[in-house]
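J.: Assemble the complex: chain U is given as a structure, and chains S and A must be docked to it using the hints.
Chains as they are written, first to last, in the numbering used here: chain U, 114 to 378; chain S, 197 to 568; chain A, 838 to 1130.
Hints are not guaranteed to be accurate.
As the list claims (entries may be wrong) - Listing some non-contacts, in silico: residues in chain A with all C-beta distances to chain U over 12 Å:
1. 891
2. 893
3. 895
4. 896
5. 900
6. 904
7. 909
8. 913
9. 917
10. 920
11. 925
12. 987
13. 1045
14. 1049
15. 1076
To be verified - Computed from the model, here is a short list of chain A residues facing chain U with C-beta under 10 Å:
16. 858
17. 861
18. 890
19. 892
20. 916
21. 933
22. 957
23. 1064
24. 1104
Worth flagging that the hints you see were computed from the coordinates, not collected in a lab.
If you're wondering where the values come from, they're calculated on a predicted model, not measured in any experiment.
Positions of the beta carbon are idealized from the N, C-alpha and C atoms, including for glycine.
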Amino acid sequence: MLVWSRTSRWAAWGTAGLLLGLVYALPLGIIALASLAGQWNGMLPSHMTLRHYADALTGDSGDQLKVSLLTGLMASLLALLCGSWAALALRAMGPLPRRFLSVVFFLPSAVPSVSVGLGLLVAFSQPPVLLNGTIAIVVLAHFILISAFTYGNVSAGLARLSPDYEDIAASLGARPAYLLRRVTLPLVAPYLIAAFSLSFAMSMGELGATVMVYPPGWVTLPVGIFALSDRGEVFAGAALTMMLVAVTLGVLLGLSRIPTKVTTR
Amino acid sequence: MANGGADKAAPPAGSSGIGFESVTVAYRGNAVLRDLTLTVEPGEILAIIGPSGSGKTTALRAVAGFVRPTQGRIRIGQRDVTDLPPHARDLGMVVQNYALFPHMRIEENVAFGLRARRAPEETVRERVKECLRMVGMGDFMGRYPRELSGGQQQRIAIARALAIRPIVLLLDEPLSALDAQIRRNMLEELGQLHRALPELTVLYVTHDQTEALTLADRIAIMRDGRLVAHGPSRALYRNPPNRFTAEFLGRANLLPVRMESLEGGGRHARVRFGDSPLLAEAQAQLRPGASCLLCIRPHDLTLEPRGMNGNVIHARVVSTLWQGDQLSIAVDAEGTTLRLASHPLAEPPRVGDSLHLHFGPEAATLIAEDDR
Amino acid sequence: MTASSTSGKSSAAGSFDLRAFWIAAPLLVLAGCFFYPLSLIVGQAFKNDAGAFSLATMAAVFGSTMFHEAILHTIGIALGASAGCLALGFVLAFVVSFVPFPGAGLLVRLIDTVIALPTFLVALAFTFLYGSAGILNMSLMAAFKLPLPPVDFLYSAWGVILAEVTVYTPFVMRPLLAAFSLIETAQIEVAASLGAGFWRILRQIILPAALPALLAGGSLCLLLTVNEFGIVLFIGAKGVITLPLMIYDKAIQEFDYGTACVIALVNILISVGLYFLYRFALGRVGGNRAGLV
Chain U
114 MLVWSRTSRW
124 AAWGTAGLLL
134 GLVYALPLGI
144 IALASLAGQW
154 NGMLPSHMTL
164 RHYADALTGD
174 SGDQLKVSLL
184 TGLMASLLAL
194 LCGSWAALAL
204 RAMGPLPRRF
214 LSVVFFLPSA
224 VPSVSVGLGL
234 LVAFSQPPVL
244 LNGTIAIVVL
254 AHFILISAFT
264 YGNVSAGLAR
274 LSPDYEDIAA
284 SLGARPAYLL
294 RRVTLPLVAP
304 YLIAAFSLSF
314 AMSMGELGAT
324 VMVYPPGWVT
334 LPVGIFALSD
344 RGEVFAGAAL
354 TMMLVAVTLG
364 VLLGLSRIPT
374 KVTTR
Chain S
197 MANGGADKAA
207 PPAGSSGIGF
217 ESVTVAYRGN
227 AVLRDLTLTV
237 EPGEILAIIG
247 PSGSGKTTAL
257 RAVAGFVRPT
267 QGRIRIGQRD
277 VTDLPPHARD
287 LGMVVQNYAL
297 FPHMRIEENV
307 AFGLRARRAP
317 EETVRERVKE
327 CLRMVGMGDF
337 MGRYPRELSG
347 GQQQRIAIAR
357 ALAIRPIVLL
367 LDEPLSALDA
377 QIRRNMLEEL
387 GQLHRALPEL
397 TVLYVTHDQT
407 EALTLADRIA
417 IMRDGRLVAH
427 GPSRALYRNP
437 PNRFTAEFLG
447 RANLLPVRME
457 SLEGGGRHAR
467 VRFGDSPLLA
477 EAQAQLRPGA
487 SCLLCIRPHD
497 LTLEPRGMNG
507 NVIHARVVST
517 LWQGDQLSIA
527 VDAEGTTLRL
537 ASHPLAEPPR
547 VGDSLHLHFG
557 PEAATLIAED
567 DR
Chain A
838 MTASSTSGKS
848 SAAGSFDLRA
858 FWIAAPLLVL
868 AGCFFYPLSL
878 IVGQAFKNDA
888 GAFSLATMAA
898 VFGSTMFHEA
908 ILHTIGIALG
918 ASAGCLALGF
928 VLAFVVSFVP
938 FPGAGLLVRL
948 IDTVIALPTF
958 LVALAFTFLY
968 GSAGILNMSL
978 MAAFKLPLPP
988 VDFLYSAWGV
998 ILAEVTVYTP
1008 FVMRPLLAAF
1018 SLIETAQIEV
1028 AASLGAGFWR
1038 ILRQIILPAA
1048 LPALLAGGSL
1058 CLLLTVNEFG
1068 IVLFIGAKGV
1078 ITLPLMIYDK
1088 AIQEFDYGTA
1098 CVIALVNILI
1108 SVGLYFLYRF
1118 ALGRVGGNRA
1128 GLV
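Isolated chain U (complex conformation) (with noise of 0.2 Å):
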């Protein structure tokens, strides 16, 4: 309502979506095109083949996504774990402790994800804890980078409950454990969903970290994909781009139709 004539609102949009195109659509689809060519030395593709996407869905490639599944998934329901729990705790305290160590959780997502990377893996090559060539030290780091987050979307949806929920609750007789198995935690469910979403599709695209620690055994599909185009072989890593970004998205659309019985005010 702001540009009042049409044409001048025609540019906009026709900006807007020049735009929006060129950054968005423009990549993707080429990454899409890729994964099908065949050869390419022209300015199309030659021919098309699904020859990638085959190769990609079995052998190594197959492990790899294998790998980050697990990995995302491990790595998401501990972040979950640690942030909420965080998150509950920290309700608790006065504004004071509550401020410093609300910042002391945060900063996880401030350092670099290859300082963590590295700082994992000077520490655990070295007693007390050795975790160094684990499936465990990949999960620990992918943990770490996104625990700050979780803990950022349940703080917030914490502090959106209104607390006569829970004074109530109180009221009719629930202890602390009933109250927060019946009322608080369904409250804050979308909250939750959303956090395990976003650390998820956080872990599965997680590189900087994982390239510092990661076990010959178990490689993710980010480094599965840098691999593949650092040797040349750009078409099946444009393929196994596009399976992981098709992995990450259904389990997001899945994750997001989760029915959670809780009305938006």
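T.: Structure of chains S and A alone, referenced to chain U:
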């Protein structure tokens, strides 16, 4: 009266009721409640009213256990509950925004307290049905709160609080979120509920004095964290002990007068308002010679004389306001503005007209001047 | 033990809520998994090869030209990308909010989804688009009969900047969209009826409302671009080394952990500094209202 859903024996008679004993609540040196001592008798409704910031909600939340007193004790029935967590206090609570659990059906909402106390399922089912019938919402068991209107939700909230058979019911501005028409209906229903549950002690917090006057047996008035007045509703209305109470509870005209003598065997007091001699109800602590205030309610002033001992005040009309069911006339008498509420007149007085205002001595009460 | 309040508020002064001790478990986990490794990095940065306290490694790193280049590249790319994000984000958010078209809601959801995708995806796509064997170059060579690929910007800082702008603009758009949605249309209509033209409205009503969101989004972009690794790795330009990439090279390719830790320390300090800048900017916007977590 049986308690909760667990197998508890009926408590001895007179074991409900609420007691505040010198309760003070302070946050970082800021006193929200100052030395409150108040008793709510078993089975009565006591309304705490006051302007915002008066501490009335804090007092209620202290009974519920959400606020810890810095000093003093709180009693529910015979038990000192000051150190008990909210879930051990055996009370029901209803708040302004209903707070029905949105992820549970009505049936589950009302059953919540019983299930939390692990009552047997048959008890739960019966009690839920009974309480929903009591509030007239028996057909809504399978619905979700979002499908109900405000008034319906509040009824469910009341049913939920009553389901656990509490000894005490706390109501925190329960009607403030409702439309005026619904509020009137709910007020009547609350009155009926109280009559149906004679052993239930009710603490009712509101800023609306009409609700308090309609519903409560006794009223407590608070201001700036202190208890300013308390007593049976009618007595408090007819004989307010101080100026704040007179003006907060109902509308009041306050005339500055000087007390002259006692008459009628000490029952009446002769006072002087400017040049006019007036007769009012005597107050024990007021002596001849004292300056005080004479309180007369707008609807007790009439334009026609009544009876023999009537008082008369000469005044000039300042403004008239037609309000549908009444005519509100503001007059000036010797520098003091008074308001009278009259039924609508065929020929209302005009601005500037001279009037005589009449009222009987039984409608005039004296108040000691407090430092405002 | 008394739980004086279920939601943890309004405890009278002097009472202590024992439930606060629940924080111990997550705090321990965080300490063990995050702060302990971090402290080791800091420790390692101050040691020499023999393990004794020494500033030799630090001196060596701070003196090396490669390190200087890496810092310049990192900060330069971060600033460039953030500026681009702010510009692009503002334009897009503006059009979506004030020149409404059907499907605007869907578009916003789409943008939120893009945030979930890995960053290197864009870098990969750009190699297909702007690489030496990419579509743009191939088309130009075919159209103008050129012997060599004319467009070469991908394998430079500009390529990285373009990729990062693509990826991080949503982080500017989200708070902007939230801020714009709080501007009442009534304000704009009244201004227009009082005779204000498009540019005046933009300057005096929209920009002031957008400023806090721009600040928050901009500082977030700075933080994210300083830490970005995937894009730089995938583009793999020879001359473009950023701090994270250098850490990776030193640690994994050369096994030089001492140097890697020093660089990591510098990277961490810059990031944490930017993070506090971001928190400060968020405080001015109003946290939750900006649509940020």
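J.: Does each hint hold? Answer for all of them.
T.: Status of the hints after comparison with the structure:
no., hint, verdict
1, 891, "holds, 17 Å"
2, 893, "holds, 18 Å"
3, 895, "holds, 16 Å"
4, 896, "holds, 20 Å"
5, 900, "holds, 21 Å"
6, 904, "holds, 15 Å"
7, 909, "holds, 17 Å"
8, 913, "holds, 17 Å"
9, 917, "holds, 16 Å"
10, 920, "holds, 15 Å"
11, 925, "violated, 7 Å"
12, 987, "holds, 14 Å"
13, 1045, "holds, 15 Å"
14, 1049, "holds, 18 Å"
15, 1076, "holds, 18 Å"
16, 858, "holds, 8 Å"
17, 861, "holds, 8 Å"
18, 890, "violated, 17 Å"
19, 892, "violated, 19 Å"
20, 916, "violated, 17 Å"
21, 933, "holds, 7 Å"
22, 957, "holds, 6 Å"
23, 1064, "holds, 4 Å"
24, 1104, "holds, 5 Å"
Comparing the model with each numbered hint stated earlier shows that hints 11, 18, 19 and 20 do not hold.
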